[in-house]
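Number of protein chains: 2
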Amino acid sequence: MSPKNITATEINDDFDVRFTHRLIFDRDVLAIDNPTIDRIFADAPTDEPRAGMIVAVDAGLAAKTPGIHDAIRGRFDRPHLPDVREILEVPGGEAAKNDPAVIDRMLDAIERHRIDRRSYVAVFGGGAVIDAVGFASSTAHRGVRLIRFPTTVLGQLDAAIGVKNGVNRFGKKNFVGAFDVPVAVICDERMLETLGDRRWSEGFSEAVKIACLQDAAFFGEIEDAADGIRERDLDVSRPVIHRCAELHLRHIANSGDPFERREARPLDFGHWSAHRLESMSDFERSHGEAVAIGVCLDAAYSHVDGRLDRGSLDRIVDTTVRLGLPVFDPLLLDTGLIEGLEEFREHLGGRLTVTLLEGIGHGVDVHEMDLDRLRRSIAHLESNAPA
Amino acid sequence: MSPKNITATEINDDFDVRFTHRLIFDRDVLAIDNPTIDRIFADAPTDEPRAGMIVAVDAGLAAKTPGIHDAIRGRFDRPHLPDVREILEVPGGEAAKNDPAVIDRMLDAIERHRIDRRSYVAVFGGGAVIDAVGFASSTAHRGVRLIRFPTTVLGQLDAAIGVKNGVNRFGKKNFVGAFDVPVAVICDERMLETLGDRRWSEGFSEAVKIACLQDAAFFGEIEDAADGIRERDLDVSRPVIHRCAELHLRHIANSGDPFERREARPLDFGHWSAHRLESMSDFERSHGEAVAIGVCLDAAYSHVDGRLDRGSLDRIVDTTVRLGLPVFDPLLLDTGLIEGLEEFREHLGGRLTVTLLEGIGHGVDVHEMDLDRLRRSIAHLESNAPA
Numbered sequence: 020m021s022p023k024n025i026t027a028t029e030i031n032d033d034f035d036v037r038f039t040h041r042l043i044f045d046r047d048v049l050a051i052d053n054p055t056i057d058r059i060f061a062d063a064p065t066d067e068p069r070a071g072m073i074v075a076v077d078a079g080l081a082a083k084t085p086g087i088h089d090a091i092r093g094r095f096d097r098p099h100l101p102d103v104r105e106i107l108e109v110p111g112g113e114a115a116k117n118d119p120a121v122i123d124r125m126l127d128a129i130e131r132h133r134i135d136r137r138s139y140v141a142v143f144g145g146g147a148v149i150d151a152v153g154f155a156s157s158t159a160h161r162g163v164r165l166i167r168f169p170t171t172v173l174g175q176l177d178a179a180i181g182v183k184n185g186v187n188r189f190g191k192k193n194f195v196g197a198f199d200v201p202v203a204v205i206c207d208e209r210m211l212e213t214l215g216d217r218r219w220s221e222g223f224s225e226a227v228k229i230a231c232l233q234d235a236a237f238f239g240e241i242e243d244a245a246d247g248i249r250e251r252d253l254d255v256s257r258p259v260i261h262r263c264a265e266l267h268l269r270h271i272a273n274s275g276d277p278f279e280r281r282e283a284r285p286l287d288f289g290h291w292s293a294h295r296l297e298s299m300s301d302f303e304r305s306h307g308e309a310v311a312i313g314v315c316l317d318a319a320y321s322h323v324d325g326r327l328d329r330g331s332l333d334r335i336v337d338t339t340v341r342l343g344l345p346v347f348d349p350l351l352l353d354t355g356l357i358e359g360l361e362e363f364r365e366h367l368g369g370r371l372t373v374t375l376l377e378g379i380g381h382g383v384d385v386h387e388m389d390l391d392r393l394r395r396s397i398a399h400l401e402s403n404a405p406a
Numbered sequence: 020m021s022p023k024n025i026t027a028t029e030i031n032d033d034f035d036v037r038f039t040h041r042l043i044f045d046r047d048v049l050a051i052d053n054p055t056i057d058r059i060f061a062d063a064p065t066d067e068p069r070a071g072m073i074v075a076v077d078a079g080l081a082a083k084t085p086g087i088h089d090a091i092r093g094r095f096d097r098p099h100l101p102d103v104r105e106i107l108e109v110p111g112g113e114a115a116k117n118d119p120a121v122i123d124r125m126l127d128a129i130e131r132h133r134i135d136r137r138s139y140v141a142v143f144g145g146g147a148v149i150d151a152v153g154f155a156s157s158t159a160h161r162g163v164r165l166i167r168f169p170t171t172v173l174g175q176l177d178a179a180i181g182v183k184n185g186v187n188r189f190g191k192k193n194f195v196g197a198f199d200v201p202v203a204v205i206c207d208e209r210m211l212e213t214l215g216d217r218r219w220s221e222g223f224s225e226a227v228k229i230a231c232l233q234d235a236a237f238f239g240e241i242e243d244a245a246d247g248i249r250e251r252d253l254d255v256s257r258p259v260i261h262r263c264a265e266l267h268l269r270h271i272a273n274s275g276d277p278f279e280r281r282e283a284r285p286l287d288f289g290h291w292s293a294h295r296l297e298s299m300s301d302f303e304r305s306h307g308e309a310v311a312i313g314v315c316l317d318a319a320y321s322h323v324d325g326r327l328d329r330g331s332l333d334r335i336v337d338t339t340v341r342l343g344l345p346v347f348d349p350l351l352l353d354t355g356l357i358e359g360l361e362e363f364r365e366h367l368g369g370r371l372t373v374t375l376l377e378g379i380g381h382g383v384d385v386h387e388m389d390l391d392r393l394r395r396s397i398a399h400l401e402s403n404a405p406a
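So the protein sequences, as listed, match chains A and B.
Taking the numbering used here, the leading residue of the first sequence gets 20, the next gets one more, and so forth.
Taking the numbering used here, the leading residue of the second sequence gets 20, the next gets one more, and so forth.
Just chain A, same shape as in the assembly (with noise of 0.2 Å):
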């Protein structure tokens, strides 16, 4: 042997892989005469033995819904729909993505009940629920077949859709995680007359934080639409719903970077400090709420950094109230906050990467936050907060 003589031989390759992504809004799905489940499914061969499925509920929706174990069961009963093997009650909220049981007790239900890659697991429930059954489906056999059912309005326009699945380690929000593309998303509207108002209201905050990011006429129309989406005007809210979640998957699909392996991730923008207020506030804050003031935050701070006109400011923090959103919290002004900067930092990888707005519509990523600038705009949010 003559180690020297040996040359290093590099043998690369580049591949492609290929996902598809359906969205579906709907409303009842689960009625016996609706036939969105069954287009799902239409495709499926027909020389195989049928499929099994088992099916995660959120314990929140469960306890609001009375009836939704048998109207699950009624609605797959069919000999080419999947075959409900067990239907599993799963804590709602972050609870689902901070108990390491709920990861434990999906492969358990997945390993007894001999789901293959083949076959499926349904998920109805919020964006936490959903996040958490992802994780665990993504990663039994290295994937099967996923179905999420989001529940609130939240899952419907933001958290449900796209690729992401996770939970939260070691206090950290979605520390563990896979990249994974559903096999399909269906949002049923009749689901969301289940949400208490505070839950309904959240969700709002994803579509004015996409607005502002990508979209100065959809910032318009949520404007437009803010009284009667806090009065849970259906007709009014629909199209806000549809056109936020439409922007969320083309900016997956469309960003050249869906699984995040490069540096900016635009969709991020006011997340920094909602992510830390959440646990923060042992996830009494919820996600959406935090989201509302994170953008806020980020909007003021473009405000004072001089990027964005002070009526622009207004009209964002003015809209979110109109939401029913608050825009302040007692711990922006907790030393800790600051610590969300790194933590997020952290999670992304590389150098900090903060989005700010120019505009409505018009996002820009920047690599540091000053902080008395920081503490100026906390300051503009406490005394800009209704009373």
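Just so you know, the hints here were simulated from the structure itself, not pulled from any lab data.
Bear in mind that the values here come from a model prediction, so they are computed numbers and not experimental data.
Any given hint might turn out to be false.
[Said to hold, decoys possible] Not the full set, but computed from the structure, chain B residues with beta-carbon under 8 Å of chain A:
#1 31
#2 44
#3 130
#4 159
#5 302
#6 403
#7 405
[What the hints assert, rightly or not] Partial selection, computed: residues in chain A whose CB lies under 10 Å from chain B:
#8 29
#9 43
#10 44
#11 130
#12 131
#13 160
#14 195
#15 198
#16 272
#17 402
[To be verified] Over 10 Å on every C-beta distance to chain B, these chain A residues come out as not near it, computed from the model:
#18 45
#19 83
#20 89
#21 105
#22 114
#23 249
#24 369
Note that the Cβ used here is the ideal one computed from N, Cα and C, for glycine as well.
Dock chain B against chain A, hints included.
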């Protein structure tokens, strides 16, 4: 609200995600004057803080390679390379995949050292250690950067190449895992010298497998090289290892289905019984040896089934024996063997798909196996195994 006038709205989007796979063969990559590791990081951005790295080392390798910790620290002690923050030893062999504590220790180290998506995890070890460490790195922050240094023949020509990561759960191989592509796979020939003879030989069963499936000329090369391989002549073994690795990488990149969403996985030839033999033997039968037996079993079945001529079967069995590999195990006579077919089907999903041979170099998928023919195939191996 008027349910009946709402029509389901569907928004679909397809998108491609591009992955790049780098595979490097070299010798003495930890030597101070070897440039291979520098080359991997040559295009790292210079305007970012130095990235961190944690390193997992197979405990078996560390025991046989005194000074490997210092060698790793010394080689990476350059400002343009990642900063080694901790070196962890991980139990080698299937224990790495059976013990959930391995994943927990890796995630804990990733969290403590603030390893982010632009930071690195490096792993030195056999295929099982690489699979387990890769599962932790591919799920932390939904994926930190992984560099694999496979140190066994099996790792270098098969297991460390490609997109799979995972661990065992419920006594089932790879029950939990994730698809993710490493930044680079660096195969150091020097590391192979630490292997015992059984660990050396077992890797070549995967070369026999892929040659049987895809490449009759390559099978001829293995046949010619078999005695030199058994004598551990590197000049004879090296081209076989490189060619086998290249075939694996090309298959993954060019099959059109690297993440195994569809049915066929022709690289699983001989694996339904191999996985079962491993678990029936409580993993005393190594993966490579089990694959040698599994390949001979499915070759024998191909002959009994009238697909493969006797001469070709004899060449396969003879080459396997000359490589120092087993072709029979008494566990093949256990009635539990057959459960391997269902377990294998479940992991892949859908209907059973097993690959048989219609000649050396020509794999073909079938969807059932006849138990009587299987018994005759096992009897053939029993009577043809060396005493």
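Against the structure, the hints come out as follows:
Residue-level restraint check for residue 31 (chain B) holds (minimum Cβ-Cβ distance to chain A is 5 Å; threshold 8 Å). Interface restraint check for residue 44 (chain B): the shortest CB-CB distance to chain A comes to about 4 Å, inside 8 Å, so the restraint holds. The interface hint given for residue 130 (chain B) is met, as the beta carbon of that residue sits about 5 Å from the closest beta carbon of chain A, less than 8 Å. Given hint, residue 159 (chain B) at the interface with chain A, holds; its Cβ is 6 Å from that chain's nearest Cβ, closer than 8 Å.
Here the hint on residue 302 (chain B) is broken, as its CB sits about 19 Å from the closest CB of chain A, past 8 Å. A least Cβ separation of about 35 Å between residue 403 (chain B) and chain A goes past the 8 Å threshold, and the interface hint is therefore violated. At a threshold of 8 Å, the smallest CB-CB gap from residue 405 (chain B) to chain A is about 29 Å, leaving the interface hint violated. A hinted interface residue such as residue 29 (chain A) counts as satisfied when its beta carbon comes closer than 10 Å to some beta carbon of chain B; here the least separation is about 5 Å, so the hint holds.
Interface restraint check for residue 43 (chain A): the shortest CB-CB distance to chain B comes to about 5 Å, inside 10 Å, so the restraint holds. The beta carbon of residue 44 (chain A) is positioned within 10 Å of a beta carbon in chain B (closest approach about 4 Å), and the interface hint is therefore held. Interface restraint check for residue 130 (chain A): the shortest CB-CB distance to chain B comes to about 5 Å, inside 10 Å, so the restraint holds. Here the hint on residue 131 (chain A) is kept, as its CB sits about 9 Å from the closest CB of chain B, short of 10 Å.
Annotation: residue 160 (chain A) was flagged as interfacial toward chain B, and the flag holds, the nearest CB pair being 6 Å apart, inside 10 Å. The criterion of a C-beta within 10 Å of any C-beta in chain B is met by residue 195 (chain A), whose closest approach is roughly 5 Å, and the hint holds. Hint status for residue 198 (chain A): holds, given a least beta-carbon distance of 6 Å to chain B, under 10 Å. At a threshold of 10 Å, the smallest CB-CB gap from residue 272 (chain A) to chain B is about 4 Å, leaving the interface hint in force.
Because the smallest distance between the Cβ of residue 402 (chain A) and any Cβ of chain B comes to about 36 Å, over 10 Å, the interface hint for this residue is violated. In this structure residue 45 (chain A) is not separated from chain B by more than 10 Å, as the shortest Cβ-Cβ distance comes to only about 4 Å. Annotated as non-interface, residue 83 (chain A) keeps its C-beta farther than 10 Å from every C-beta of chain B; the closest such distance is 18 Å. For residue 89 (chain A), the non-interface assignment is confirmed: its Cβ lies about 20 Å from the closest Cβ of chain B, beyond the 10 Å cut-off.
Distance check on residue 105 (chain A): its Cβ is at least 16 Å (rounded) from any Cβ of chain B, clearing the 10 Å threshold; non-interface status holds. With a minimum CB-CB distance of about 20 Å to chain B, residue 114 (chain A) clears the 10 Å threshold, and the non-interface call stands. No Cβ of chain B comes within 10 Å of the Cβ of residue 249 (chain A); the nearest lies about 17 Å off, and the non-interface call holds. Not every C-beta of chain B lies more than 10 Å from that of residue 369 (chain A), the closest at about 4 Å, which undercuts listing it as non-interface.
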